[in-house]
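> In case you want the letters, here they are:
2 protein chains.
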Amino acid sequence: MKITLNSPLDMHVHLRDGEMLNNVAPYSSKCFAGAIVMPNILPPVTTLEELKAYKNRILKAIGEDKFEPYMTLFFKNNWTYEFLKEAKHFIKAVKLYPSGITTNSENGVSDFKIENLKPTLEAMSDLNIPLLVHGETNGFVMDREKEFGVFYKKIALAFPKLKIIMEHITDRNSVKLLKEIDNLYATITLHHLLLTFDDVAGGKLKPHLFCKPIAKRYEDKEALLELALNAYPKIMFGSDSAPHPQNKKESNECAAGIWTAPIALPALCELFEKYNKLDNLQKFVSDNAQNIYNFKPIEKKVVLEKGEFLVPEKYNNVVPMFAGKKLSWKCN
Amino acid sequence: MKITLNSPLDMHVHLRDGEMLNNVAPYSSKCFAGAIVMPNILPPVTTLEELKAYKNRILKAIGEDKFEPYMTLFFKNNWTYEFLKEAKHFIKAVKLYPSGITTNSENGVSDFKIENLKPTLEAMSDLNIPLLVHGETNGFVMDREKEFGVFYKKIALAFPKLKIIMEHITDRNSVKLLKEIDNLYATITLHHLLLTFDDVAGGKLKPHLFCKPIAKRYEDKEALLELALNAYPKIMFGSDSAPHPQNKKESNECAAGIWTAPIALPALCELFEKYNKLDNLQKFVSDNAQNIYNFKPIEKKVVLEKGEFLVPEKYNNVVPMFAGKKLSWKCN
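Respectively, the protein sequence lines represent chains A and B.
Per numbering that gives the first Met the number 0, residue 0 is the first one in the first sequence, and the count goes up by one each step.
Per numbering that gives the first Met the number 0, residue 0 is the first one in the second sequence, and the count goes up by one each step.
Some hints here could point you the wrong way.
Pairs involving identical chains hold if they fit within one copy or between any two copies, as the list cannot separate such chains.
To be verified - Below, simulated DSSO-like cross-link-like pairs (lysine-lysine); rule was C-alpha separation at most 30 Å, straight line:
hint, residue 1, residue 2
1, K175, K152
2, K313, K112
3, K152, K203
4, K276, K54
5, K313, K203
6, K203, K54
7, K324, K300
8, K276, K65
Keep in mind the hints are simulated off the structure, nothing from the lab.
Let's have the full structure, built from the sequences with the hints guiding it.
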């Protein structure tokens, strides 16, 4: 059995930089036609010069693959309309991080007053640039996304024409918001469709399944599955594939992030097949995103075939999700 | 400044076996007059022969220190009155584990029907042998202790003369049960007085702070603190100090357990001093336990002194809580 995906897209990926970029980017570029690239490298991508240079490093890392890196800037609250108008030629979106909430987000937003965000968000709204948000407060770790709901609501209502994408949603409260408020959209990761917090810490503690936002309860996973399997039009696949070297994961201070790039599409096939929803996969991994972002990716056919895929224990120094396990689909 | 504790007791400790026993036991025997020793070694201690042999290995490991290991058996639901009557000469309590809930608990109880537990529990009740319980279901990891509440209640009401000790409580629901039901008692660890789940996974993931039951919410920690700082008569200190080699903690599958033996009393002094409750420490670390278990430990004065204690990064291959940090009290 085979299925052919037309221009699958990863609408949220961390390609990192330097040696890690060279190691991981080819696994995204092999199976996807394009990906929204997160800007939280060090230093975060806040200027067009940095952005162009980073894009060049990415293109070099992926080599010959037919793949478009869709660039994003790290949100600043004082950008002018003119800057963003110029930026729009080079970016697909702007990514907003609350300060200190995940890897390299120290320079993020610490105050969500509308008046503080207004200069940038008003211009983005006028220019139709989507705002991508890592939606977590600095509250108790299991409540952070739920607590952030008030900010999603506040921003969405203050800028009703701004497309706001709730990135990597994990909480059933976000699903409720998505359905309630017109200009809220969302990405969902593979791992949040598969894991609850029990998988991370219910038995032994699994650092390679530790990510932010942390995996939640069974009810939360069910709510996400229901959206994804039915390819709800306001959601898109975004892997949040986030590699760290093995020694940063299996250490006394494990960095947050699950690396799924090489296994994402096979595992999605397995999941959608299990629920007899393979027909919806094309929408989830590409069509919905094209509609939400209003763009056409490059043409690229990606064939997935039923058959054993023994996931390597590591790819150089990075351990993937499902390391050493067998998947029942593989990328051709 | 100095304080002298009379016969401090650790009412829940894992001394392990073999090389690990030899490494860790001296840190319990140095500062405590005695400790309730958990029986979940491999194989679990279920016979008196095993128990006597294990006790001898412990005594050998601690050498010259004045210290009593109070032995426990791993609960079996088919013991006779005669067996337990004989056992009573050698044990202080029996420890019940739900099956598969923590380290080496695979042979624990999987069915909490009163009729199944009755042979052993009735005899224990008649013989006045305390029942120590690891109170977690196999439900969602954050809910396990709360869910176990129905079993605590059921067993406590079915055997009203049996002293039941809810080990290492972490959930405010257990505090409520403790206050409601006469024959329920509890131990509280140091780490659950200091940590919430945010400390374990709110920033980076900290394998050395991962334990079962997992640290919970701020409200839970506050409820435990209120009991401990006021030396509520039905609670006792039990460290649940549970060493694992560093390579089993900083790995792709981190074992549950925090090793606090060498830092427990200094950290308790620091904590009780912070809340201006040092006067209650003697009760929390010894007197309450003597009343609940109705016994007299050996006489041993342990002096703690105000002064910098730089906690070693490791003790051989085991990383303690507060590794590399400074405490403001030390054991003399």
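> Hints first: check each against the structure and report whether it holds.
Tested hints:
no. : hint        : result
1   : K175 x K152 : within (11 Å within a copy, 37 Å between copies)
2   : K313 x K112 : neither (44 Å within a copy, 46 Å between copies)
3   : K152 x K203 : between (37 Å within a copy, 28 Å between copies)
4   : K276 x K54  : neither (35 Å within a copy, 59 Å between copies)
5   : K313 x K203 : both (20 Å within a copy, 22 Å between copies)
6   : K203 x K54  : between (39 Å within a copy, 29 Å between copies)
7   : K324 x K300 : within (26 Å within a copy, 55 Å between copies)
8   : K276 x K65  : within (28 Å within a copy, 67 Å between copies)
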